[in-house]
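Protein sequences, first through last, are from chains L and D.
With positions in the first sequence counted from 1, the corresponding number in the working numbering is that position plus 131.
With positions in the second sequence counted from 1, the corresponding number in the working numbering is that position plus 958.
Hints were generated in silico from the structure; no laboratory data involved.
There may be inaccurate statements among the hints.
As the list claims (entries may be wrong) - So, partial list: chain D residues that the calculated Cβ filter (under 10 Å) puts toward chain L: (1) 995; (2) 1049; (3) 1053; (4) 1183.
Glycine is no exception: its CB is placed at the ideal position from the N, C-alpha and C atoms.
Take a look at the letters that make up each chain.
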Amino acid sequence: MFETFMINAFETSAIVAIVSGVVGFFTVLRGAAFAAHAIPNGAFAGAAGASLLGISKLVGLGVFALVGAVLIAALGRRSRSDVATALTVALLLGLGDLFLSRSEEYSAQVFALLFGDILGVASYQIVPTALLGLACILVILMLYRPLLLSSVVPDVAEARGISPRWMDLAFLIILALVTTMAVPIVGAFLIFSLLIGPAAAARAFTDRPLPAMVMSSCIALVVVWAAIAVSYTTNLPVGFFVGSFSGLCYGLGRGWAIWGDRLRMSGRPAG
Amino acid sequence: MVLAGRTILDRVSFTVAPGSFTGLIGSNGAGKTTLLKTILGLVKPTSGTVSIGGAAGPRRDPIVGYVPQKIALEPDAPLRARDLIGLGLDGHRYGMTRPSARRRNLIDEILAAVNATRFADRRVGRLSGGEQQRVMIAHALISRPRLLLLDEPLANLDIGSSHEVVELLRRIATDQGIAIVLTAHDMNPLLHAMDRIVYIARGRAVSGTTAEVVRTETLSELYGYHVEVIHAAGRVLVAAGEAGEGKNARTPPAPPDSQVG
C-alpha cells in the first residue's frame, strides 16, 4: 500500500483534508454550504476552458473560482444570496458546457475533475497544493476573530467596525482558494463533502469554536485516509468512500449528541 | 435624517450624561432603530452630528456598545456564552484568541455582573431569549464602553424578566458610570428607571425628564393633534383624543402606548 503513488495520495489528501476541515468549520457556521457547492462546480468550467486554451488547469480553476466568489458577493448585496449563488453557478456551468463541446478532452479527464483523482496525484502537484493550502490557513488564522464574530452576530460586528460585506467577500475568496487547491485532487463534487461532513460532525463533540475547528480537520483527515486505504484494498473508487465516510461521521456525531442529551436529561432530577 | 428619499427624523436633539439612563420611546416605525444606527455611525445623517465624549468617536474604538434586539444563532453552533462574551473584548482584532488568566477573570467578572454565570458554559444558541440578551449585554459591556445602546431589549420578555433587565441596566449605569440608551415602544416598564425620555413621533422628538415630556400639552404638540396622557395605577396611557378643531381630518396614527402595560 506504500508505493510512490500511494505516498503522494496520502500526502496531498492530508493537506486537502486539514485545510477543508478548517474552512469547513466556518462554512457550516456561516450557513454557506450552498456557496461551498457552487464555487467548486463553477470552477470546474474554468478547468475545461483552460484545457481548451492549452494553459494550466490550475489557472483556469483559480480564475473561475475567484470570478464565482466575487459574483456571488456582488449579486448577493442587492438580492437574496441563494438566488445570487444559484445564478452564478448556472452561468459558470453554462460556460463549462460550451468549453467542453469545443474541446477534444478525454472524458476520463473531465470525470477526474468532477470526482477527483487522488490515486493519480503526481509528485509535481504536491507543492502547489501545499502553497494554496498554506495561504488558506494563514488567511483564516488572520481573520479568525472578526470572521467568527461576523458569522455569529453580524449586526453587532458591524457596530464594531467589521463590515459584514467585506467578511462575506473575504470568506468567499477563501472558498475560491480551497477550490483551486482541492478540485484537481478530490474533484469538484467531493470537496463539498469534505467541507461540510467533518465540520458538521465536529460540533457534536465539542461546544467550543477552536477545538471544533481542529476536530473538523482531524475528522476530514481520517475520512480521506480511510477512504484511500479501503479503496486500495477493495478496488472501488475513492470518491465513493470519501462521500459515504463523510456522511457516516455526521451520522455518528448526531448519534453522539442525542446520546449525550439523553444522559444529561436522565442525570438531572425531573422538572 | 433622510432614508430612501423619505424624511425619517428631523431636528432630533438630545444629550446623555455618564451614568444616566435614557429611553427612546416611539411606536414601531417611528425611527428609533434609525436613530440608534446613526449614533453607531452606521447611518449618516443628512445634516447634524453625533458626538461622543466630546469628539466624533471613531467606530472601531469600543466607546459605544450595542445590543441588538435578538440574535439568530443555531442551537448546535459550537460557541459557549463565555466564548461570545470574550469576542466582545477582542473580536474586532485580527488573529487568534490568546487565552490568559486576565482574560478569563474579566469574562468571569462580567458574567457575574449580568447574572449569567449559571449558563456561562452552555452553547449560546441553546439559551432562552432572556439569557441570550444578558450574554449580549455582557458582550457589549466587557470592552468598557462609555455609551451602551440597546435596541428594544424588553420587546420579547415577559413582565417579570423585563423588570429584571431594567433593574440590571439601571444598576450598570450607576455602578460603572456608563450612559445607557435603549429603545422601547412601551414606556411603562421604564418609567421609574429613566433619567431622561426622548419621545419620538411623526419624525420629530421631544426630550426631557418624564415629568416634562409625558404630559398632555407636550405630547399633543408633538403629535400635532390632541392626545390625552392618563395616569392610572402608577402607569401611563397615551390615548388619542378628538382631532382638535377638525384641522386633522385624517385618522391620526395610534400613539405607542395605547394600552396600559
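Hints versus structure:
{"no.": "1", "hint": "995", "result": "9 Å, holds"}
{"no.": "2", "hint": "1049", "result": "4 Å, holds"}
{"no.": "3", "hint": "1053", "result": "6 Å, holds"}
{"no.": "4", "hint": "1183", "result": "35 Å, violated"}
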